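**Q** Spelled out from the first residue to the last, the chains are:
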Amino acid sequence: MNLQYSGEEKIPVSPAAVLAFVNDPGKVGHCFPEVVDVTVQDPTHFESIVKVGVGPVRGTLKLKIELLPDPSLRRIDMKIAGGGFGSAVDLTAGADIVDAGDGTTILKWSGQAVARGPIAAVGGRVLDAQAQKLIAQAFANVRQQLSG
Amino acid sequence: MSIQAKPLHSVGVPMKRKEDPRFIQGKGHYVDDLSFPGMLYLSLVRSTYPHAEIRSIDITEALKVPGVKAVITGKDLEAAGLGWLPTFHGFDKQMVLAIGKVLFQYQEVAAVFAETRAAAVDGAEAVQVDYAPLPVVADPFTSKADKVLLRPDRESKTNRIFHWEVGDKDGAERALASSARRIKQRVWFQRCHPAPLEPCGCVAYFDTMGRLQFHVTSQAPHVYRTALALVTGIAEDKIHVISPDLGGGFGNKVPVYPGYVCAIVGALKIGRPVKWIETRTENLTSTGFARDYHMDVEIGATADGRVTALRVATTADHGAFDAAADPSRYPAGIFGIVTGSYDFPVAYAEVDAFFTNKAPGGIAYRCSFRVTEASYAIERGMDILADELGIDAAELRRKNFIRKDQFPYPSALGFTYDSGDYHKTLDVALERIGYDALLKEQAEKRARGELMGIGLSTFTEVVGAGPSKHFDILGIRMFDSAEIRIHPTGAGIVRTGTKSQGQGHETTWAQIVAEELGLDAGAIMVEEGDTDTAPYGLGTYASRSTPVAGAAITMAARRIREKARKIAAHLLEAGEADVEWTDYRFQVKGVPARSVTMKEVAFAAYTNMAQNEPGLEATYYYDPPNMTYPNGAYVAVVDVDRETGEVKVRRFVAVDDCGTVINPMIVEGQIHGGLTEGFAMAFIQEIQYDAEGNNLSTNFTDYLVPTSLETPHWETAGTVTPSPHHPMGAKGVGESPNVGSPAAFVNAVVDALSPLGVRHIDMPMTRDKVWRAIRDAESTKG
Chain A
1 MNLQYSGEEK IPVSPAAVLA FVNDPGKVGH CFPEVVDVTV QDPTHFESIV
51 KVGVGPVRGT LKLKIELLPD PSLRRIDMKI AGGGFGSAVD LTAGADIVDA
101 GDGTTILKWS GQAVARGPIA AVGGRVLDAQ AQKLIAQAFA NVRQQLSG
Chain B
1 MSIQAKPLHS VGVPMKRKED PRFIQGKGHY VDDLSFPGML YLSLVRSTYP
51 HAEIRSIDIT EALKVPGVKA VITGKDLEAA GLGWLPTFHG FDKQMVLAIG
101 KVLFQYQEVA AVFAETRAAA VDGAEAVQVD YAPLPVVADP FTSKADKVLL
151 RPDRESKTNR IFHWEVGDKD GAERALASSA RRIKQRVWFQ RCHPAPLEPC
201 GCVAYFDTMG RLQFHVTSQA PHVYRTALAL VTGIAEDKIH VISPDLGGGF
251 GNKVPVYPGY VCAIVGALKI GRPVKWIETR TENLTSTGFA RDYHMDVEIG
301 ATADGRVTAL RVATTADHGA FDAAADPSRY PAGIFGIVTG SYDFPVAYAE
351 VDAFFTNKAP GGIAYRCSFR VTEASYAIER GMDILADELG IDAAELRRKN
401 FIRKDQFPYP SALGFTYDSG DYHKTLDVAL ERIGYDALLK EQAEKRARGE
451 LMGIGLSTFT EVVGAGPSKH FDILGIRMFD SAEIRIHPTG AGIVRTGTKS
501 QGQGHETTWA QIVAEELGLD AGAIMVEEGD TDTAPYGLGT YASRSTPVAG
551 AAITMAARRI REKARKIAAH LLEAGEADVE WTDYRFQVKG VPARSVTMKE
601 VAFAAYTNMA QNEPGLEATY YYDPPNMTYP NGAYVAVVDV DRETGEVKVR
651 RFVAVDDCGT VINPMIVEGQ IHGGLTEGFA MAFIQEIQYD AEGNNLSTNF
701 TDYLVPTSLE TPHWETAGTV TPSPHHPMGA KGVGESPNVG SPAAFVNAVV
751 DALSPLGVRH IDMPMTRDKV WRAIRDAEST KG
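Quick note, the sequences are listed as chains A and B, same order. Residue numbers for the first sequence follow my numbering, so the first one is 1 and each next one is one higher. Residue numbers for the second sequence follow my numbering, so the first one is 1 and each next one is one higher.
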């Protein structure tokens with residue numbers, strides 16, 4: 001099942017601060033909703049265990065995340081691949097870090113996901129909306145962390 | 001000496017099922033109830049990808065999970081010569097655990113053995129499989145193009161599994177071309193699943209003598225024993241298969257599944273009993289599915305509605321392996337019954353089957369080898385023809401039925417129908433439903449813009465495989481067997497090669513013995529499912545038990561009766577030729593007062609046998625001379641809500657003719673169950689895959705089973721035209737309602753929507769699909 005998402009967050013800090021945050025695996029790794037554990041391997045790779053509940057399908061996903069920063073373009077991309085409870089998820093997500101001109105930053109994000117297994121089987125009903133919610137929550141968490 | 005009245009519970013009596021007290025009290029004994037000291041649990045790692053190369057399988061973390069004892073992969077099995085299983089018809093093989101690549105989502109990839117079920121599941125979760133996704137082929141029409149070769153392991157480098165054809169191709173073409181009227185329609189019988197409430201499972205262990213004790217959910221225990229001997233190399237006498245109570249089967253428990261082989265390998269490798277019980281999701285996603293036939297139906301007719309020719313071209317989706325358990329001479333099963341109840345002068349049918357990245361299977365779900373698909377195709381076709389010609393659907397059928405005086409009837413596609421009275425059966429159905437009044441009501445409602453439909457299905461089935469000259473599983477000819485032992489007190493035991501999954505054999509087999517020997521059915525025990533004690537048989541599926549094993553029981557009982565006659569003659573102090581079996585007792589011809597009962601003879605067989613061989617028992621292996629041809633006339637009445645697409649099945653009358661009825665209550669129960677399954681397929685059931693090969697129907701929230709709330713009220717009746725070649729005249733009935741009813745439902749809904757111009761709707765006819773059909777038709781009409 002192929003899924004596509006997009007959205008934006010206005011963050012009350014400078015683009016440089018946002019860029020530094022999203023390039024730090026130790027920080028961005030904890031922005032995933034329902035995160036159980038984050039293990040940083042190197043500056044661009046970390047593993048995260050997250051709880052997922054989509055309709056009747058519930059369990060934990062073990063995700064491998066690779067950060068693909070491009071400071072010159074003020075953009076961050078990431079590849080997420082993993083699975084759990086017989087399901088698999090492949091996700092590519094990216095965000096443009098846009099200077100709003102008033103000392104704040106707009107994070108314009110988008111992503112594409114492919115889900116397989118039981119988690120995809122519920123897709124027709126709730127996966128799409130639930131995944132959109134979770135991804136939006138992840139970027140909202142970025143805003144919250146930086147706002148604090 | 002006593003006079004014997006008709007024995008209790010003999011043929012034709014609605015005897016309450018002997019097995020039910022233990023079932024309704026929760027005292028059934030199922031595989032998952034078994035527990036042995038030291039027993040381990042097996043959990044299977046399954047593919048998340050529909051088509052992918054396996055780069056690596058890392059079991060390191062799984063072996064660290066507390067309680068995990070071992071993990072095996074496809075490579076381990078391949079090294080042991082157990083990497084592949086032959087499929088039942090013998091023309092393909094199936095991976096036990098994936099080797100090199102996976103071919104469908106939820107395919108078995110690795111087996112984890114642990115001290116507890118939870119530890120086994122945790123261990124399976126910890127196995128790391130690195131997949132490289134490959135292009136997915138999710139439908140047979142894409143497969144046909146051969147752009148992605150799914151099975152490079154096969155000699156033939158194509159996704160086409162087989163092309164099968166029967167009938168007169170040129171003759172059908174000529175007749176269609178010259179027919180005054182002609183219809184053509186593609187109909188799809190969707191992929192569905194039998195979904196027995198008890199999923200598949202087993203317990204395997206090697207006893208102190210090194211003998212494999214294999215408790216398994218099997219509809220065909222003897223075939224399993226032979227298949228396991230062939231696959232594993234274990235001598236067949238060292239294999240003991242026991243199939244205990246089964247919580248439904250419907251064909252789902254015929255194939256040998258990878259989990260069974262893994263459990264046996266685990267038990268051998270670790271030296272402890274191993275239990276494997278699949279989950280609901282595993283059952284729905286990896287075990288034998290049903291149907292997935294795309295059928296192009298063409299019928300030619302004269303202007304006044306006499307059929308002139310039939311041609312059906314089918315594209316079949318068999319999934320990743322050709323595991324449809326068809327007899328080796330019939331790769332498309334007995335789809336040739338597609339001429340149905342009609343006197344087609346010429347016909348031609350062809351089936352092209354293809355591999356796809358879906359679960360393998362194809363013939364389960366209460367279907368005698370593709371008969372359900374065939375029946376659906378012809379019954380839809382006849383309704384479309386009636387619509388095309390503007391002839392009443394019942395009248396068109398009457399005009400084209402095989403007449404009673406034409407039996408035995410040689411069909412255009414090679415079958416010899418044994419018996420039937422189709423006109424009578426339809427008449428009974430139409431009278432019961434009040435057809436004329438319904439037509440009047442429908443006309444009035446249509447005038448008001450209301451959507452009411454009447455759907456007919458007048459089907460003919462073909463069940464009871466063998467004959468052995470035509471049918472086999474893995475080369476084993478299809479016959480069946482019975483052994484009867486009558487004890488000194490007149491009680492007895494019957495053992496057969498069949499295996500009940502709810503059909504009520506413990507009752508009906510006892511009733512046959514009661515009928516043939518004049519004994520009390522309540523005192524006749526029935527035992528099945530144990531290969532150490534039951535005579536060799538091919539099992540229970542495809543409505544074959546009564547036509548084949550029922551006949552074997554009858555013949556074995558008659559053998560006993562012949563021996564008993566000698567003992568009776570001794571007791572009556574008469575010559576054997578002067579003793580006759582009449583009114584359920586032996587009597588001296590012309591002297592009714594001088595008689596003995598079978599019970600008295602049984603006692604004498606052990607106490608006063610004179611020069612006769614002691615004991616009273618017999619065995620019979622029955623090879624049927626022909627199949628039997630049950631038939632029926634079904635009528636559905638539906639009301640469709642124009643605004644929501646909701647279909648209400650207002651009435652459903654089912655008139656079945658299954659020949660001699662042994663237990664009318666059990667037959668009625670079989671019909672109720674089958675109609676409910678037919679209703680489910682017609683309206684709510686489909687194993688759906690998305691374009692990426694994801695199975696979207698993995699549990700009972702997505703794959704629906706009707707409850708009593710959704711199920712319509714069934715009205716049943718019957719006619720009886722005995723099979724002339726079955727010793728009791730019986731035909732088999734278990735599958736008839738499942739075979740006959742889907743077309744009645746679809747014909748009714750399409751009839752309701754026909755004023756809008758709707759010509760066909762594929763199953764399942766969900767509310768949204770019906771609603772869209774209404775909206776599309778209305779928008780087209782403007």
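There may be inaccurate statements among the hints.
What the hints assert, rightly or not - Okay, the calculated beta carbon distance ranges per label pair:
{"no.": "1", "chain 1": "B", "residue 1": "V148", "chain 2": "A", "residue 2": "V35", "range": "37 to 43 Å"}
{"no.": "2", "chain 1": "A", "residue 1": "A81", "chain 2": "B", "residue 2": "F141", "range": "28 to 34 Å"}
{"no.": "3", "chain 1": "B", "residue 1": "K445", "chain 2": "A", "residue 2": "T92", "range": "52 to 58 Å"}
Keep in mind the hints are simulated off the structure, nothing from the lab. The structure displayed is predicted, hence computed values, not measured ones. Glycine included, each C-beta is placed from N, C-alpha and C at the ideal position.
**Q** Take the hints in turn and mark each one as holding or not.
**A** Checked hints:
In this structure the hint that V148/B and V35/A lie 37 to 43 Å apart at CB holds, the actual value being about 38 Å. Separation of A81/A from F141/B is about 31 Å and conforms to the stated range, judged on CB atoms against 28 to 34 Å. For K445/B and T92/A, the hinted distance range of 52 to 58 Å is satisfied, since their beta carbons lie about 56 Å from each other.
Hint check: no violations occur; every hint is consistent with the structure.
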